[in-house]
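Chains as they are written, first to last, in our numbering: chain A, 1 to 212; chain B, 213 to 639.
These are computed hints drawn from the structure, not numbers from a lab. Heads up, some of the hints might be wrong.
Computed list of lysine-lysine pairs in DSS-like fashion (alpha-carbon distance at most 30 angstroms, straight line) [unchecked claim]:
1. A:Lys123 to B:Lys261
2. A:Lys63 to B:Lys273
3. B:Lys342 to A:Lys62
4. A:Lys63 to B:Lys342
5. B:Lys353 to B:Lys342
6. B:Lys273 to A:Lys123
7. B:Lys273 to B:Lys342
8. B:Lys273 to A:Lys36
9. B:Lys592 to A:Lys62
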Amino acid sequence: MELLDHLTRLVFPYALAWCLFLLVLRTAVVLRRGYKVELGAPKGSPRRGILYSLTFSMLPWKKDSTRRHPWTYAAGMGMHLGIFLTVLFALGRRFASWPDWSLPIFAVAAFVGLVSALGLFVKRGTRAYMHAISTLDDFLANALVQLYLLGGFLTALFPALNGFWRLTAILLLLYVPLGKIYHMLLFFVSRSLFGLQFGRRGVLRHDLPISY
Amino acid sequence: MAQTTVAHDALQVLDARLNLPLTTYLEACTHCGLCAEACHLYRADPVAKHIPCFKADTVRKVYQRYHTPTGRFLPWLLGLSDLDDETLDDWVEPVFQCTMCRRCSIECPLGIDNAAMIATARAILTSAGKAPPTLMEHGRKSCEAGSPLGLTREQFLDRMEWIEEELQEELDDDDYEVPIDQEGADILFIPASIELMKYPQSIQACCRIFQQAGASWTLSSTCYDVTNFGVFLGDSQISRTIATRDIEEAERLGVHTVVTSECGHAYRALRWEAPDWLQESLPFEVKNILELADEWVAEGRLRLDPSANPEPVTYHDPCNITRNGGVVEEPRRLLSACTEEFREMTPNRERNWCCGGGGGFHSMPEYDDVRLASGEMKAKQVESTGATVLATACANCHLQLSDLSDHYELGVETVSVTELMANALVE
Chain A
1 MELLDHLTRL VFPYALAWCL FLLVLRTAVV LRRGYKVELG APKGSPRRGI
51 LYSLTFSMLP WKKDSTRRHP WTYAAGMGMH LGIFLTVLFA LGRRFASWPD
101 WSLPIFAVAA FVGLVSALGL FVKRGTRAYM HAISTLDDFL ANALVQLYLL
151 GGFLTALFPA LNGFWRLTAI LLLLYVPLGK IYHMLLFFVS RSLFGLQFGR
201 RGVLRHDLPI SY
Chain B
213 MAQTTVAHDA LQVLDARLNL PLTTYLEACT HCGLCAEACH LYRADPVAKH
263 IPCFKADTVR KVYQRYHTPT GRFLPWLLGL SDLDDETLDD WVEPVFQCTM
313 CRRCSIECPL GIDNAAMIAT ARAILTSAGK APPTLMEHGR KSCEAGSPLG
363 LTREQFLDRM EWIEEELQEE LDDDDYEVPI DQEGADILFI PASIELMKYP
413 QSIQACCRIF QQAGASWTLS STCYDVTNFG VFLGDSQISR TIATRDIEEA
463 ERLGVHTVVT SECGHAYRAL RWEAPDWLQE SLPFEVKNIL ELADEWVAEG
513 RLRLDPSANP EPVTYHDPCN ITRNGGVVEE PRRLLSACTE EFREMTPNRE
563 RNWCCGGGGG FHSMPEYDDV RLASGEMKAK QVESTGATVL ATACANCHLQ
613 LSDLSDHYEL GVETVSVTEL MANALVE
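Please work from the sequences and hints to get the whole structure.
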């Protein structure tokens, strides 16, 4: 374990640099395409559209799909919350040690994330319609996230396994800029563009009087 | 990496359209599959070709293969291969069996506009000469003859003369004239050929509304069809040609406002997309007839008597008017004011189910079975309201809803909103 800890300590900065460099490069390629504001006179507020798109429009009762697939919605939320808290756990450890009472919280978060990701992996592998739209990237990205969450979960309980967790982080960092995990950055761009257009066209305007 | 000729041509079409939104949508999809059940086509027939992201993956895979490092060096990771003629043939059904209604965008956790990618895929297929022949033919006729259905100027004038006679009788006024080619009018009203040929009563209702409001308006004898088949083909050149014709005629007549009839895609095209195709703001306002009528009722220029329409009425939100156009509350206010019992469908507004008639579906007879099957969700929605009258504000939806009423034995009368309004107008 000590050797693994030592080796991963050496490799980690390079993996991080690779990830950041390619993410910046990939994002620059996307952003250089440029955005032109629609020239048709606005009917609604683009700002309100973006705000709505990034907040209330994602609430579960706002979508048919979440009503029809509550477990998928829960798994999606659980996985992303688990990832967020596990990354927070990792970042915090870089600068100081988390208090003892917080470790079970991070362990639970990572575990919930892990189970959720596993559930989504199984769904992708077993449902015919999911199979039809899936590529190797879809499975591999999920598997690497699961591995990272497993590392976080074990390290929260057994700090000596830190080397293993760092190894999973290295694998993830190497992969992030290559595949679909890149959506973590484009999520905000994509939802903002959605809100911008729908807001501008007045589609999401529910503040209008409904009678004369 | 050597490209096939097919790939080279496809990339030329794709590259001309790549901007921040399209690139983001091409890059951001996670294949979560939540778009599947947002689609009325998939709900009616749950097969892969009807999953919105599967359709969008056609053009996404081209982008990934030729524009991303992963696609170039690790194509197997993303399931990519070189684009060839056979692959393009495989695109045709998924890409053209779509109404581009954008309901999947509302449901997508990332807000991805699949319709933008499907429009690009259509553009590639049209450029390769692989779009359905009837759709291509309608696009050609739109450009060359001014109407996708081949409606001539003489036929248009003949139809308007008939409408004029009907209105003279209705108004008990032998001097009433439908204004045509009147320079200096405030409003240019451009109908759609489907209405002129199939639903003239809808055009008659619009004329009645203009007359009752005392509007200064005109039709044009050279620009009498607002339909824009470039939208269905994804063909920017055809879209621009048709929009330019409308714009030049509005400028020649010196109008302040161009009003589109109850034609969904035409409103979306001229109101929202034409300025971007032409890269200039239009020198006049573009309004849908319902927006204008709504303003006139609010101003007291039009008065409505709801007792004229006592039957329970429900309203189908046309995707291009509502979800893609922003005309959401206007038809509701109008229907509440001109009918005794207006019943909402559930879901409605931007979450409304597409009827299955958009995206050029009506011009592709080879897909008639798919089109009728895809209306199942809409038929269920209509049935559950218990309404006997089904109003809508789009000629394509009107056609489809009439077909659905017959096919699913709904027993509803399908009408346009303006018809109900005209029926309820009071002096």
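Hint by hint, which ones does this structure get wrong, listed from lowest number up?
3 and 4
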